[in-house]
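J.: Protein sequences appear in the order of chains A and B. At position 554 of the first sequence the residue is numbered 1765 (the numbering used here), and the sequence of numbers has no breaks. At position 63 of the second sequence the residue is numbered 825 (the numbering used here), and the sequence of numbers has no breaks.
What the hints contain is simulated information worked out from the structure, not anything from laboratory work. Quick caveat, the model's predicted, so the values are computed rather than measured. Hints are all accurate, no fakes.
Derived lysine to aspartate or glutamate pairs resembling DMTMM-like cross-links, with alpha carbons at most 20 Å apart:
1. A:K1663 x A:E1851
2. B:K953 x A:D1853
3. B:K940 x B:E969
4. B:K1037 x A:D1853
5. B:K953 x A:D1922
Interface residues of chain B toward chain A, partial, derived using beta-carbon atoms under 7 Å:
6. M763
7. K764
8. R951
9. Q952
10. K953
11. I1025
12. V1038
Far from chain B, by Cβ distances over 12 Å, these chain A residues were calculated:
13. E1281
14. P1289
15. V1631
16. F1803
17. P1940
The beta carbon of each residue, even a glycine, is placed where N, CA and C say it ideally should be.
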Amino acid sequence: MAGKYVHQSILRLEDPELITARVQFLDDIKLPDMLHAAFKRSDYAHARIKSIDVSEARKLPGVIGVYTAEDFGDYVKPGPLQVPPPTAIKGATYVARTTMPIAKDKVRYAGEPVAIVIAESRYIAEDACDLIYVDYEPLEAVVDLEKALQPGSPLVHEDLPSNEAGHVRQERGSWEQAVKEADLVIKRKFFINRNAGAALENRGIIVQWDKHAKQMTIWCGTQSVIALRNQTAARLGLFESQVRVITPNMGGGFGPKINTSLPDDALITYLAMKLERPIKWVEDRRENFLATTSERDQVHYCEIAVKRDGTIVGLKDFFYHNSGAYNPYMMTVPLNSQSHTVTNYRVPNFLTEFYMVFTNQMIVTPVRGAGRQYGVFVMERMLDAAARELGMSPVEIRRKNLLPANAYPYYTNIIGQDFVEGVLDSGDYPSAFEKTLELIEYDRFVNEVQPKLRAQGKKVGIGVACFSEGTGVGPYEGARVTVGGNGKVVASTGYTSQGQAHYTTFAQIVADQLGVDVKDVKIITGDTGYFGWGAGTFASRGITVAGTATYMAAQKVRQKALKLASKILEAPEEELELADGVVRVADIPSKFIALGDLANLANPMRGTMEPGTEPGLEAVAYYGPPYGATGAGCMAIILEVDPETMQVSMEKMAMVHDCGTPVNPMVVDGQIHGGIQMGIGDAFYEELIYDENGQLLTASFMDYLFPQATDMPKKLVLGHMETPSPLNPLGIKGVGEAGAIPVPSAFAQAVENALQDTGVEFDRDTLSPSRIFTYVQMAKGA
Amino acid sequence: MKPAPFEYYAPTSVEEALATLQNLGYDGKVLAGGQSLIPAMNFRMARPAALVDLNKIKELFYIKPTDDGGLAIGTMTRDSVVEKDPLVAERFPIVPYVVKHIAHPQIRNRGTFGGAIAHADPAAQIPALSVALQARFLVRKQGGERWVNAEEFFMGPFMTVLEPEEMLAEVALPPMAKGSGASYQQVSRQKGGYAQAAVISVVVVDENKRCKDARVVLFSVGETPILSQAARKILMGNLPTPEAIAEVAEKISKEEVDPGTDIHGTAEYRRHLVKVLVRRGLTEAFERAK
Chain A
1212 MAGKYVHQSI LRLEDPELIT ARVQFLDDIK LPDMLHAAFK RSDYAHARIK
1262 SIDVSEARKL PGVIGVYTAE DFGDYVKPGP LQVPPPTAIK GATYVARTTM
1312 PIAKDKVRYA GEPVAIVIAE SRYIAEDACD LIYVDYEPLE AVVDLEKALQ
1362 PGSPLVHEDL PSNEAGHVRQ ERGSWEQAVK EADLVIKRKF FINRNAGAAL
1412 ENRGIIVQWD KHAKQMTIWC GTQSVIALRN QTAARLGLFE SQVRVITPNM
1462 GGGFGPKINT SLPDDALITY LAMKLERPIK WVEDRRENFL ATTSERDQVH
1512 YCEIAVKRDG TIVGLKDFFY HNSGAYNPYM MTVPLNSQSH TVTNYRVPNF
1562 LTEFYMVFTN QMIVTPVRGA GRQYGVFVME RMLDAAAREL GMSPVEIRRK
1612 NLLPANAYPY YTNIIGQDFV EGVLDSGDYP SAFEKTLELI EYDRFVNEVQ
1662 PKLRAQGKKV GIGVACFSEG TGVGPYEGAR VTVGGNGKVV ASTGYTSQGQ
1712 AHYTTFAQIV ADQLGVDVKD VKIITGDTGY FGWGAGTFAS RGITVAGTAT
1762 YMAAQKVRQK ALKLASKILE APEEELELAD GVVRVADIPS KFIALGDLAN
1812 LANPMRGTME PGTEPGLEAV AYYGPPYGAT GAGCMAIILE VDPETMQVSM
1862 EKMAMVHDCG TPVNPMVVDG QIHGGIQMGI GDAFYEELIY DENGQLLTAS
1912 FMDYLFPQAT DMPKKLVLGH METPSPLNPL GIKGVGEAGA IPVPSAFAQA
1962 VENALQDTGV EFDRDTLSPS RIFTYVQMAK GA
Chain B
763 MKPAPFEYYA PTSVEEALAT LQNLGYDGKV LAGGQSLIPA MNFRMARPAA
813 LVDLNKIKEL FYIKPTDDGG LAIGTMTRDS VVEKDPLVAE RFPIVPYVVK
863 HIAHPQIRNR GTFGGAIAHA DPAAQIPALS VALQARFLVR KQGGERWVNA
913 EEFFMGPFMT VLEPEEMLAE VALPPMAKGS GASYQQVSRQ KGGYAQAAVI
963 SVVVVDENKR CKDARVVLFS VGETPILSQA ARKILMGNLP TPEAIAEVAE
1013 KISKEEVDPG TDIHGTAEYR RHLVKVLVRR GLTEAFERAK
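Start from the sequences, fold in the hints, and give me the full structure.
T.: What follows is the structure, given as structure tokens:
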């Protein structure tokens, strides 16, 4: 649905201020009398706390207080679940062991806080941490996913019979039947590593308690102001209205900032109230690596049942999912893996089962992609394995099995993270696939370019992978749109922004509805003082859910404006139009009233108002989809591998994506670029590595490799498709995570293709050159 | 990630700096560009009692030609200045090429030529470069000075012959011999990242193209920069044939380096890289030698 602004690539309205640094980030905020916090964190992954001696630390000049679990009394209890349990899934079992605000009696991951210091400066607070002496009794750490479930394994939570945190089995059709029908059943095992959601700006929180007004203000880099407000109020016994949460400008989120009951959230709010002084805590990079949250590792045992001609009869995937030490985010990540495994293909029989496992590692919650890419990785790898066994090309086997363009809506029979059966609302997967092959010039590469380069001794390869992205899930978001007396418009939502261009895209939606200049629309996100309802920024749902709510609120305001203007201009509503900041009679442009004047007339100060009329040109609307809108696409990569050093050079990447109607195509491109970069990290660089004692070996950017601008492919071509979603009036599907999803799959296939003569086959992601070297040595039988 | 408390001195002359270092003894630590020391302090892995900051000493920032055709580089000369200096490029083309591989422009704008040498990170480029180019270091202390050859300077990871009261003041590079050629080969996970294996090769050939000298220095694969003995032994006086070069590469990778397994690569892979990089480096250096 194109408009003057919607569907146009206008420049981001927030950029001039961001680029010239006329904005405020959390650490820029300095309040009078502000104190600073630092955490003393556990050196052990698993240990009993015998005693903690804080006496020296308390004596350090400038220290206001040092607190351990003991000092907080009953306040120290497991935090609330951040998402509901999966009761909608038949037979699903789970145990909830949610985040402790501070370790009591026992530490369960290296980096878990055992004490918090409040001091006049962060320097002093950290000095005091050095003076805290903790006597630990080390326990054997639980680090191996599969061993963790074996009898006799040490237990992360000793009140439980095992380290099993949950179990889900879902089946459509019958795997048993598939095996009977198949000519061939191929088995593989895959390992998927653990990645950080390392935003440029880490977590941070400032809390101010006004003891006179009995009002708490929290500035926080959070992805969910509403949840943070509600959970804080509940913890402290306050009304929600006594807590206001404001997000300053944020340097990225990527998932971990969705958590609103981590130790910093729980303890700093409490202490600011107790000490009656503002407290600031800004997470440093080491803390972020050790003790914020990150994503999973998984081990998959997968089988694909196929006919000789490559037709898929069925797929069975059994996997273990690492939850880390606590599971406040329940099953979102493994459910995403499960519900994104076979999406793009016709798989009549599909059995998927997982166990969630507690380990002595950092808590696992979603990071961009949020488990989707691992379902996709497993499926794409299995297709490659099947193609290899059947002597088909990766293209041929995919083309044969893609879900056809007339299949939508397609009921998947698999329940996902929003606890309803997945429905593929719209799409055209075969066209995305063929368009990608055209963009990468697949046939020309395979038939002409590759043979020529191979003859010169060059190891060049190509890979192609399909993906889907369930986006825009419920429950709901809301928005309030208000026309001011100045004729400008404010739209506020409970959603938060971490750089996604909401200040532009939401404004585009509003401007089109109200006929104002897009620069005259001010978007307020992430401030509970302006809008107090909503769920949060996750699952690529901003523009789809909050954007739609904004659209609906703007439409209501439009109706109000037309109704009032019709009376004032003495013309029927159908003859009026909103444009250039006025409501006018379409055929008589001189007959108009400015929107601002109309807003003032809608808010009379004296006199009477017609019964049933709401004042002002203002409206609130909420939108909650019955199920999420599914975006999809395809990616291809051409790369070259140095056959001696195994260094990989990405020559060209092509991606075709379908997110329905893009509100701002340029912003969509940006989301895809960023996602791709994260996917490249996943495929090639990023890896949180724990040793056998549960110690994180990659706690800085020196060891944890993050893709840089120079690590992007030499050439990147994007293609867009638009199959509008029937779920919302603008036809939108989300796009925030798309780029991150297909890269590891396409990358693995392309490297295998480049090294085809070695017969190498990869069963994992993060294919560093050393790892490729080892795989090649193994393939050679060395 | 805030450093532990420390005292801070910012002398404005070398004399003042040396007097301060003399007074502080083991408590003192020289701060040059700070690109390694400050992060280490922020992690509280380094906890010097006092820092002696050389950034205000103007007399330590220079690149001067020497009469013999070499160069004298003041210890505080920023990496980015060395990288872009036309005289350096003219007399030692290998130097800017190697320096470009150090981290990122922002870091090279602060990092110093002498600081990298005194810090002696076994994965750093400049210490190895100084060994390859037969640099000499002017080491000063209050009331005295001495010259140390690069080959004798590095004792182990982050360890040098410098005494607590001493300071590296100048790096002297003797001129490149006639008929010399150089090459730099490195493999790192990312542009600007630490090398998993790297080799600087400086060779000299006579008018018959026979090898007169071969300084092959490996780093990131041992505790200090490693000057290969095998390269000289095999190549000196001989034609640098592909077979001879392959033999050197084989011998170095098997006998002269000691890479460990770390999170980014196995020892086996890194040993293999050494073989590949030595072969590529020597081949390129001999091609360039004239």
